[in-house]
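Just need the whole structure built from these sequences, with the hints factored in.
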Amino acid sequence: MSQPVLELSGVGFEYGKVSVIDGFDLTVSRGELLMCVGPSGCGKSTLLALLGGHLAPTRGKIDRHGSSTRTIYQDGGLFPWLTVRENVASGLDRKILDEQVRDRKVADWLELTQLTEFAQHYPHQLSGGMRQRVELGRALAGETDVLLLDEPFSALDYQTRRKMRRELVSTLAARPRTVVFVTHDIEEAVQLGDRVVVLTARPSKIRRSLDLPPGRARLPADPGVAEAEQAILEELGLT
Amino acid sequence: MLRRLLLPAFTGVLLLAAWWIAFAAGAFPVGTVPSPEAVAWAFRSEIEAGRLPDDIIASLYRIGFGYVLGVITAVPLGLVMARSVMTREALMPWINFFRSLSPIAWIPFAILWFGIGDPPAIFLIWLATFFQVVLATAAAAAGVPKVYYRVAEDLGLSSSAILFRVTLPAIMPQLLTALRVAIGVAWMVVVAAEMIAVRSGLGWLIWDGRNGLRMDLVVCGMITVGTIGILLDLVFARLARIRSVRWGFDR
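Chains as they are written, first to last, in the numbering used here: chain A, 1 to 239; chain B, 240 to 490.
Think of the hints as simulated: they come from the structure by calculation, not from any bench. For glycine and all other residues, C-beta sits at the position ideal for the given N, C-alpha and C. It is possible that part of the hints are untrue.
Listed below are several chain A residues computed to face chain B (Cβ distance under 7 angstroms; list not exhaustive) [said to hold, decoys possible]:
no.	residue
1	R70
2	Y73
3	G77
4	P80
5	S90
6	F118
7	Q120
8	Y122
9	H124
Here it is as structure tokens:
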């Protein structure tokens with residue numbers, strides 16, 4: 001079995017008297033791209049906040065095995081007072097003090113995320129897709145073990161969303177990371193992930209964990225994609 | 240750019256012409272409004288005697304001191320109020336209470352507590368600045384999106400780094416707008432304070448002119464006050480164009 005980087009044992013979370021997450025048992029392996037789907041308001045973002053250490057579980061235990069996490073948000077996670085270059089640089093490891101090394105690393109990430117020519121732009125001067133690429137560059141620049149993606153492409157138009165999925169996969173191929181990706185888009189989940197976890201409505205539980213065929217950025221016609229999509233729709237009671 | 244200079248210059252010439260024509264036509268009772276020529280002579284004599292530059296320096300010193308003191312005491316308190324619900328609930332009604340009081344109402348106390356000279360004027364300018372800036376800072380800092388702090392945690396920023404690299408840059412556009420309003424109010428207050436609490440400055444020039452029925456000096460002081468008010472506002476308008484702040488005004 002692959003090395004676990006995140007392990008949730010009986011994790012529960014309540015906001016006051018409202019139970020949001022109820023008894024999660026989940027293991028995320030190193031290098032895995034885990035997709036989480038579920039109905040609106042089921043606690044997907046709360047799950048990421050727990051995994052990222054921004055919230056503490058009210059029950060159960062999360063073992064991060066010493067791994068560091070960074071979250072990419074749907075929109076608005078970039079610092080608007082910093083340029084694209086400065087935003088990406090803010091993601092670098094603080095222990096790197098040599099300015100030349102820092103500049104070179106930032107230049108690499110800008111190139112990988114195709115943002116070199118927009119390095120001096122501010123986030124509000126970019127399109128939604130470009131802003132998400134900056135977020136990706138900043139999150140990856142820090143050599144973080146686990147990326148937590150909170151519906152990162154949901155505010156984008158269909159074409160940009162598809163392009164961004166391919167770019168995410170190619171970036172992860174160049175710089176492998178463990179990813180937990182929350183989405184409400186079933187097509188996105190089955191085309192991108194190594195595994196899909198289907199959540200119930202609040203209080204959220206894991207309804208099913210579904211392994212997907214090997215390969216990422218699948219096409220709708222690829223083997224197993226339609227079947228997986230159908231299985232998830234059935235789990236969510238949408239057929 | 241040229242239009243932005245020429246249009247106000249043109250309306251200024253029109254106003255000057257209207258004033259001159261009205262004066263020449265005897266529209267004003269004798270001694271109530273000076274002629275433009277008399278005001279020009281008043282400017283010349285005040286500048287030649289060095290009194291006008293001294294008065295400008297005195298007023299700018301007081302506003303500079305009181306305003307900076309107001310800002311450096313208000314911003315930290317505003318930040319604390321934004322973070323602590325208890326502090327906010329305890330202080331907000333009183334901040335609003337004192338903010339509603341005109342600083343001019345404090346003149347009797349200012350003179351009793353600080354005597355005559357710079358301190359009472361500086362105290363009044365501090366009052367004019369402090370309560371406005373506290374409120375603006377608290378509102379701006381409370382409105383900083385939580386996502387910035389989550390990102391800052393992910394990036395491993397320390398508490399002081401979060402303050403200087405997240406909170407302050409995030410509130411800067413709103414804070415600059417508040418500072419721009421506050422400098423205008425403080426400038427009005429310095430003139431009022433100098434009419435009563437000191438014997439120098441542009442407020443004193445106007446008041447002294449009024450005492451001597453020298454309306455040319457009064458208008459000379461008024462024109463200087465208005466011009467410096469425009470210049471102070473321009474400084475803050477220029478600050479809003481700084482690249483790292485402009486995002487708040489461009490969106």
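Cross-check of the supplied hints:
Given hint, R70(A) at the interface with chain B, holds; its Cβ is 5 angstroms from that chain's nearest Cβ, closer than 7 angstroms. Below 7 angstroms, beta-carbon pairs count as interface contacts, and Y73(A) has one with chain B at about 5 angstroms; its hint therefore holds. Look at G77(A): its Cβ gets to within about 5 angstroms of chain B, closer than 7 angstroms, so that hint holds up. Hint status for P80(A) relative to chain B: holds, with the closest Cβ pair at about 4 angstroms, below 7 angstroms.
The beta carbon of S90(A) is positioned within 7 angstroms of a beta carbon in chain B (closest approach about 6 angstroms), and the interface hint is therefore held. Among the interface hints, the one on F118(A) is violated; its C-beta lies about 15 angstroms from the nearest C-beta in chain B, farther than the 7 angstroms criterion. The restraint placing Q120(A) at the interface with chain B is violated, with a minimum CB-CB distance near 9 angstroms, outside the 7 angstroms limit. Given hint, Y122(A) at the interface with chain B, holds; its Cβ is 5 angstroms from that chain's nearest Cβ, closer than 7 angstroms.
Satisfaction of the interface hint for H124(A) is found here, the shortest Cβ-Cβ separation to chain B being roughly 5 angstroms, below the 7 angstroms cut-off.
When each numbered hint is compared with the structure, violations occur for hints 6, 7.
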